[in-house]
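Below are the chains, spelled out letter by letter.
Protein chains: 2
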Amino acid sequence: MSLGEFEIISRYFKKPASGDVLLGIGDDAAVVSLRSGQRLAVAMDTIVEGVHFPKGTDAADIGYRALAVNLSDLAAMGAVPKWITLSLSLPSNDESWLDRFASGLFELASKFNVQLIGGDTVRGPLVVTIQIAGWVESNRWLTRSGAQVGDLIFVSGCLGDAAGGLAALQELSEITESTRYLKQRFLRPQPRVSLGRELREIASASMDISDGLLTDLDKLCAASAMGAELDVDRVPMSSQLRGTFDADRALNFALAGGDDYELLFTVHAADQSRLRNLKTPLAHIGKITALGTVRCVRNGATFEPNARGYDHFHSGARK
Amino acid sequence: MSLGEFEIISRYFKKPASGDVLLGIGDDAAVVSLRSGQRLAVAMDTIVEGVHFPKGTDAADIGYRALAVNLSDLAAMGAVPKWITLSLSLPSNDESWLDRFASGLFELASKFNVQLIGGDTVRGPLVVTIQIAGWVESNRWLTRSGAQVGDLIFVSGCLGDAAGGLAALQELSEITESTRYLKQRFLRPQPRVSLGRELREIASASMDISDGLLTDLDKLCAASAMGAELDVDRVPMSSQLRGTFDADRALNFALAGGDDYELLFTVHAADQSRLRNLKTPLAHIGKITALGTVRCVRNGATFEPNARGYDHFHSGARK
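Protein sequence lines correspond, in order, to chains A and B.
With the numbering used here as the guide, the letters of the first sequence map in order to residues 20 to 338.
With the numbering used here as the guide, the letters of the second sequence map in order to residues 20 to 338.
Hints are computed from structural coordinates only; laboratory data are not their basis.
Computed from a predicted model, the values in this text were never measured in an experiment.
Treat the hints with care, as some may be off.
[What the hints assert, rightly or not] Derived DSSO-like pairs: lysine-lysine, alpha-carbon spacing no greater than 27 Å straight-line:
hint: 1; chain 1: A; residue 1: 130; chain 2: A; residue 2: 33
hint: 2; chain 1: B; residue 1: 130; chain 2: B; residue 2: 298
hint: 3; chain 1: A; residue 1: 34; chain 2: B; residue 2: 238
hint: 4; chain 1: A; residue 1: 130; chain 2: A; residue 2: 34
hint: 5; chain 1: B; residue 1: 238; chain 2: A; residue 2: 33
hint: 6; chain 1: B; residue 1: 238; chain 2: A; residue 2: 238
hint: 7; chain 1: A; residue 1: 238; chain 2: B; residue 2: 33
hint: 8; chain 1: B; residue 1: 33; chain 2: B; residue 2: 130
hint: 9; chain 1: B; residue 1: 34; chain 2: B; residue 2: 130
hint: 10; chain 1: B; residue 1: 74; chain 2: A; residue 2: 74
hint: 11; chain 1: A; residue 1: 130; chain 2: A; residue 2: 298
hint: 12; chain 1: B; residue 1: 238; chain 2: B; residue 2: 306
hint: 13; chain 1: A; residue 1: 238; chain 2: A; residue 2: 306
[Stated by the list, open to error] Beyond 10 Å from chain B on every Cβ pair, some chain A residues (computed):
hint: 14; residue: 128
hint: 15; residue: 129
hint: 16; residue: 130
hint: 17; residue: 138
hint: 18; residue: 209
hint: 19; residue: 252
hint: 20; residue: 317
hint: 21; residue: 323
All C-beta atoms, glycine included, are put in the ideal place defined by N, C-alpha and C.
Start from the sequences and build out the full structure, keeping to the hints where you can.
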């Protein structure tokens with residue numbers, strides 16, 4: 020247990036640099052190259068023990084999740100993820116923890132051909148920050164701000180599973196096939212990178228759902244200076260979520276629970292047919308309006324949800 | 020005190036994007052452009068309360084310092100800093116703290132024309148991570164690994180001031196002109212960005228001194244597969260450091276104290292004259308040898324220093 024910072028990096032995090040990485044881990048900075056016509060897309064996300072994941076979470080899941088949430092940001096832009104830098108603040112240099120953390124991180128990194136090119140390892144509370152960079156074509160990337168009146172609102176996958184999985188981790192001791200599925204959806208979100216690439220030429224606005232559908236749809240509408248009408252009955256929920264929790268709670272998870280990392284996007288009505296060839300399950304859940312707010316409807320009437328979503332500095336302890 | 024994450028970002032951190040920033044703060048990712056012939060240099064550094072700065076440090080100094088240590092990494096590469104992303108883990112949304120943090124950060128950012136283009140704000144222990152990116156010409160950047168036998172070793176500025184300043188903060192209640200100077204050297208290091216640019220065509224190897232001269236010279240030698248002979252009497256120390264501490268302690272700070280963020284670099288003997296026109300004070304402190312270790316000499320005899328430097332996972336609590 021006497022590994023120094025240098026040994027931690029070389030044993031767990033240093034991999035051979037390749038391709039567009041001209042200088043990888045180990046110097047004061049890394050050097051990478053972009054091709055002509057490519058623009059650089061960058062995002063950064065931090066996860067904190069006791070805030071974003073419960074104490075005692077398997078380090079492999081922490082490593083996986085820290086990268087997944089960043090990949091999801093680039094997916095929302097329609098970008099191709101390429102390089103990450105990692106800041107790891109750790110209470111101690113527990114080798115089995117580091118080994119598992121690295122295994123979860125690199126499992127997902129390999130899947131998307133993403134290279135770790137640098138970072139920092141410090142002693143402190145358990146806080147993991149990843150900065151991700153990738154490229155996007157110079158002429159078009161997705162933003163939150165392109166939605167127009169009449170555009171149709173879509174989400175990928177099912178919503179609420181991650182919040183249900185977290186609740187299952189904290190409340191339910193009985194392990195069923197459904198709770199196992201939900202926990203995996205919380206611990207191992209699947210970033211929608213290929214969908215984001217496909218949407219580049221189709222969507223008018225896009226973002227990923229990290230803080231909950233209602234909160235994030237609010238943000239998309241604010242960025243686009245638009246409003247929305249959301250048909251609550253169209254919000255897709257898995258059979259596992261509906262089978263584990265009562266209907267009200269399941270709906271609450273789907274509307275206000277964060278951490279699903281599905282894509283929320285809009286398309287002009289005329290472009291709807293272009294979604295047909297995509298393999299990812301998509302659900303049409305509402306439309307963009309000129310009103311400055313998000314109105315929820317159910318059976319044609321206004322519906323008031325119990326909770327709106329998550330804000331780090333407004334809510335109490337989340338997890 | 021009820022600012023949400025969104026308000027924190029727009030009130031304190033969002034500035035108009037300009038120049039090569041095609042999409043700034045506020046979306047899932049930022050988008051920037053590089054010119055043809057430019058390569059991207061990236062680095063990341065994290066500072067933790069109670070580890071890298073004492074509890075109660077002025078937030079303006081924390082903001083300044085978080086950026087300074089990152090600028091120093093790009094300086095060591097000979098790169099031009101351009102864009103940063105910021106992860107801020109904060110126990111609470113104290114507005115006066117945020118205001119001061121942002122003032123220190125942007126004071127330094129403006130000086131170097133560096134733009135904040137994204138990041139993450141989360142609730143948690145006080146941990147600040149900055150990822151910095153900039154450009155360097157495609158044909159040459161500085162690394163730690165280019166030193167050759169016979170190269171001369173130089174440092175910029177004076178060493179030990181920051182460690183002396185930290186000791187003064189912790190031990191000395193009497194404020195003198197010298198202790199005020201040393202504290203500023205700890206809290207407000209001056210990244211050597213323009214020196215790094217000038218050295219691009221002159222130095223054979225370069226790095227910044229963050230963990231202490233002996234530790235960092237060890238790293239440079241390891242990266243270059245070389246050794247070094249360090250003339251301890253040539254290590255530059257300020258009159259303020261020598262006037263505040265006894266000779267042994269001052270030397271110890273200069274050799275093993277971290278946080279000076281001066282540049283440590285090597286030049287081929289034939290290139291020494293090319294340093295003459297540079298404005299930054301430089302000191303010739305030794306030479307590169309074929310031996311695999313760093314040998315300290317004093318008056319021609321081997322000298323054994325008391326301490327070697329700082330490693331986050333080997334030492335006890337530092338600060």
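Check the non-interface label on residue 130 of chain A: least C-beta distance to chain B beyond 10 Å or not. holds (20 Å)
Given the hint that residue 130 of chain A pairs with residue 33 of chain A, does the C-alpha gap stay at or below 27 Å? holds (17 Å)
10 Å cut-off, C-beta based - residue 128 of chain A kept clear of every residue in chain B: holds (16 Å)
Compare the distance between the alpha carbons of residue 34 of chain A and residue 238 of chain B with 27 Å, and conclude whether the hinted pair is satisfied. Roughly 19 Å between the alpha carbons, so the hint for residue 34 of chain A and residue 238 of chain B holds.
Hint consistency between residue 74 of chain B and residue 74 of chain A [alpha-carbon to alpha-carbon, up to 27 Å]: holds (25 Å)
Does residue 33 of chain B pair with residue 130 of chain B here, judged by a C-alpha cut-off of 27 Å? The hint holds at about 17 Å.
27 Å Cα cutoff - pair residue 34 of chain B, residue 130 of chain B: holds (15 Å)
Non-interface label on residue 138 of chain A, tested against every C-beta of chain B at 10 Å: Violated, because the least Cβ-Cβ distance between residue 138 of chain A and chain B comes to about 5 Å, which does not exceed 10 Å.
Pairwise hint evaluation, residue 238 of chain A against residue 238 of chain B, where the allowed Cα distance is 27 Å at most: violated (47 Å)
Given hint residue 298 of chain B paired with residue 130 of chain B - CA-CA distance at most 27 Å: holds (18 Å)
Checking the smallest CB distance to chain B, is residue 129 of chain A really beyond 10 Å? holds (21 Å)
Is residue 130 of chain A within 27 Å of residue 34 of chain A, Cα to Cα? OK: residue 130 of chain A and residue 34 of chain A at ~15 Å, within 27 Å.
The earlier numbered hints that this structure contradicts are 6 and 17.
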